[in-house]
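Chemist: Residue-level listing of the chains:
Protein chains: 2
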Amino acid sequence: MTPPSGKKAFYIPTLAVIGVGLIGGSLARALKRGRHVGRVVGAGRSLASLQKARRLGVIDVMSASPAQAAQGADVVVVATPVGATEYILQEIAPALGETAVVTDVGSVKSMVCEMARDALGAAVRRFVPGHPVAGKEHSGVDASHAELFVGHRVALTPLRETDEDARKTVRRMWRAAGARVTTMPAAEHDRVLALTSHLPHVLAYAMVELFADTTRGGVLSGLGGVENTAPALYGDMAAGGFYDFTRTASSDPEMWRDICVTNRAQILRQLQAFSVRTERIAQLISDGDLHALERLFTAARDTRAKVGERRPARPRPTLLFPPKSAS
Amino acid sequence: MTPPSGKKAFYIPTLAVIGVGLIGGSLARALKRGRHVGRVVGAGRSLASLQKARRLGVIDVMSASPAQAAQGADVVVVATPVGATEYILQEIAPALGETAVVTDVGSVKSMVCEMARDALGAAVRRFVPGHPVAGKEHSGVDASHAELFVGHRVALTPLRETDEDARKTVRRMWRAAGARVTTMPAAEHDRVLALTSHLPHVLAYAMVELFADTTRGGVLSGLGGVENTAPALYGDMAAGGFYDFTRTASSDPEMWRDICVTNRAQILRQLQAFSVRTERIAQLISDGDLHALERLFTAARDTRAKVGERRPARPRPTLLFPPKSAS
Numbered sequence: 019m020t021p022p023s024g025k026k027a028f029y030i031p032t033l034a035v036i037g038v039g040l041i042g043g044s045l046a047r048a049l050k051r052g053r054h055v056g057r058v059v060g061a062g063r064s065l066a067s068l069q070k071a072r073r074l075g076v077i078d079v080m081s082a083s084p085a086q087a088a089q090g091a092d093v094v095v096v097a098t099p100v101g102a103t104e105y106i107l108q109e110i111a112p113a114l115g116e117t118a119v120v121t122d123v124g125s126v127k128s129m130v131c132e133m134a135r136d137a138l139g140a141a142v143r144r145f146v147p148g149h150p151v152a153g154k155e156h157s158g159v160d161a162s163h164a165e166l167f168v169g170h171r172v173a174l175t176p177l178r179e180t181d182e183d184a185r186k187t188v189r190r191m192w193r194a195a196g197a198r199v200t201t202m203p204a205a206e207h208d209r210v211l212a213l214t215s216h217l218p219h220v221l222a223y224a225m226v227e228l229f230a231d232t233t234r235g236g237v238l239s240g241l242g243g244v245e246n247t248a249p250a251l252y253g254d255m256a257a258g259g260f261y262d263f264t265r266t267a268s269s270d271p272e273m274w275r276d277i278c279v280t281n282r283a284q285i286l287r288q289l290q291a292f293s294v295r296t297e298r299i300a301q302l303i304s305d306g307d308l309h310a311l312e313r314l315f316t317a318a319r320d321t322r323a324k325v326g327e328r329r330p331a332r333p334r335p336t337l338l339f340p341p342k343s344a345s
Numbered sequence: 019m020t021p022p023s024g025k026k027a028f029y030i031p032t033l034a035v036i037g038v039g040l041i042g043g044s045l046a047r048a049l050k051r052g053r054h055v056g057r058v059v060g061a062g063r064s065l066a067s068l069q070k071a072r073r074l075g076v077i078d079v080m081s082a083s084p085a086q087a088a089q090g091a092d093v094v095v096v097a098t099p100v101g102a103t104e105y106i107l108q109e110i111a112p113a114l115g116e117t118a119v120v121t122d123v124g125s126v127k128s129m130v131c132e133m134a135r136d137a138l139g140a141a142v143r144r145f146v147p148g149h150p151v152a153g154k155e156h157s158g159v160d161a162s163h164a165e166l167f168v169g170h171r172v173a174l175t176p177l178r179e180t181d182e183d184a185r186k187t188v189r190r191m192w193r194a195a196g197a198r199v200t201t202m203p204a205a206e207h208d209r210v211l212a213l214t215s216h217l218p219h220v221l222a223y224a225m226v227e228l229f230a231d232t233t234r235g236g237v238l239s240g241l242g243g244v245e246n247t248a249p250a251l252y253g254d255m256a257a258g259g260f261y262d263f264t265r266t267a268s269s270d271p272e273m274w275r276d277i278c279v280t281n282r283a284q285i286l287r288q289l290q291a292f293s294v295r296t297e298r299i300a301q302l303i304s305d306g307d308l309h310a311l312e313r314l315f316t317a318a319r320d321t322r323a324k325v326g327e328r329r330p331a332r333p334r335p336t337l338l339f340p341p342k343s344a345s
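Same order as they appear, the protein sequences are chains G and V.
Note that my numbering has the first sequence beginning at 19, numbered continuously upward.
Note that my numbering has the second sequence beginning at 19, numbered continuously upward.
Don't take every hint at face value.
[What the hints assert, rightly or not] Restraint ranges, calculated between C-beta atoms of paired labels, are given here: (1) G:Q301 - V:E297: 32 to 40 Å; (2) V:A317 - G:Q301: 46 to 54 Å; (3) G:S83 - V:A317: 27 to 35 Å; (4) G:D320 - V:R143: 40 to 48 Å; (5) G:D305 - V:E297: 20 to 28 Å; (6) G:A161 - V:G139: 37 to 45 Å; (7) V:R178 - G:A161: 46 to 54 Å; (8) V:E297 - G:D320: 25 to 33 Å; (9) V:A27 - G:L308: 28 to 36 Å; (10) G:Q301 - V:P31: 16 to 24 Å; (11) V:L74 - G:S304: 22 to 30 Å.
No lab work stands behind these hints: they were computed from the structure.
Note that the structure is predicted; figures quoted are calculated from it, not measured.
In this text, a Cβ means the ideal position worked out from N, Cα and C, and glycines have one as well.
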């Protein structure tokens, strides 16, 4: 594959993707479709997944290890759960070329910055911590697609040591995949995401656990005269809110386990703040305070609508990536 | 409009809808489309809404009051927030014909049963409490459509006094609208719904309130160097889970205020049970217990998938309501 001729288009001759799942796979697909990459080398824990990725055309070459994948790569993307990041950075450090740029896609950034300093040594200057914020309730390379990032935000949280050139390369890469890129401090990222993403996930998991405990305990199974229809009934009743509310609980457990522990302080702080709100609402319900409840619900509905308005419309993907006739 | 000829199809000569919003409007539309109703008479608080409903062809006649609408109606559907139900039942009681069947659509049923006994007197025998469980984050007659109930569950919670004929009429009406109908005790309904619907709504409202407080308090507004992009940023970051999680917080505040207060005991019980779960997860996060967190998240993901499987697939609406060529 050759770069588009006659243009100063963004182009990565060799891209290494460590962890070819939903995120790594979708990035590779997007860059391939836009002809922004020559060769994609993949590495990962599961041979079966790597083989599938190659069959699907997401990667061109399978590597036996992260280090082998990193060797000769112009850009290395670490797309594993956050808990594996430090190990992978340690593994690839000796194999990295002098100009190789390294980035990650983890949902937590402060801890990743610390890991990178420890693991990469001087090469930390070419490390650009990143986080694409896109819906992720599905996982695995099967779910990957070239348009996953179109119109979505990618946060870059460079370290003090990060080279400006490296940051620009990663920014261009994500823009080539259709994303909007913002640079912000890692600590700020982790505070915002604890509220907008990590807390909703934790609460959704808790809600499903409560649902499972309650149905198992028979509270819902003793419906007089309708025992036979009860299982279907739970599912139908879940249309009343449970489904929307718990969509995030379908996310990858290992990824979320790692997020919870690596962004521990911020998540615990938000959980605490959340429980103050639910206790206040419980008090209003207990008091039967119709006016206060209606005020609160109305304000919440309006806030959500406003946040929705602020959210930039996703551009039509087909306009971003017109099929190119030139090779 | 005449009933379909030559068949013993279900047919309501005159249907009164008190409260022509999303639910009442969608029911009227479904019955009209299937030619299961002759004339639809609408009543409601807002003249503008009623006029809109008539313009949209959802109702045929506007009534000045619930009592006037009920007069001469074969079936009366009370489709207001639960808090208005008792008043409306009191108003229509003297106007009801001897064979008129009355039903409601409230999300809480025990309290509605009490209200009906108090308000309807002997006519309570023709009252069938009902609850269509369908997604309702939109509201108003504008959002109503004939297919809202297709494949969704409707729970009927007849009183001891309820006539079997009346229950059958209401069951046939909802089936004609494409719904699956289940009969269950009111207390059981309120326990199930507190978990599958009321709790998720309350938590979503609490989440949005926390989001609003946090952004207002400036915690998210001090992003170094990116102040100008901050508002758009909140919206983008909300793609990380906040949007899915809070979809239910767009629901009608008055409706949910009423639900919270009329199903108070069950909701408070579920809020308490939920906070036990979140406290346990907070402890696991605080301990950094990766194994326990992964186990819990995996179990939750599997539970949600199982509930999803149990949920009957929604039949294709176009197959349920083939356009009829005969008049």
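Chemist: Hint by hint, note whether the structure agrees.
Modeler: Hint check:
| no. | hint | result |
| --- | --- | --- |
| 1 | G:Q301 - V:E297: 32 to 40 Å | violated (18 Å) |
| 2 | V:A317 - G:Q301: 46 to 54 Å | violated (32 Å) |
| 3 | G:S83 - V:A317: 27 to 35 Å | holds (33 Å) |
| 4 | G:D320 - V:R143: 40 to 48 Å | holds (43 Å) |
| 5 | G:D305 - V:E297: 20 to 28 Å | holds (24 Å) |
| 6 | G:A161 - V:G139: 37 to 45 Å | violated (59 Å) |
| 7 | V:R178 - G:A161: 46 to 54 Å | holds (52 Å) |
| 8 | V:E297 - G:D320: 25 to 33 Å | holds (30 Å) |
| 9 | V:A27 - G:L308: 28 to 36 Å | violated (43 Å) |
| 10 | G:Q301 - V:P31: 16 to 24 Å | violated (49 Å) |
| 11 | V:L74 - G:S304: 22 to 30 Å | violated (40 Å) |
Checked against the numbered hints given earlier, this structure breaks hints 1, 2, 6, 9, 10 and 11; the rest are met.
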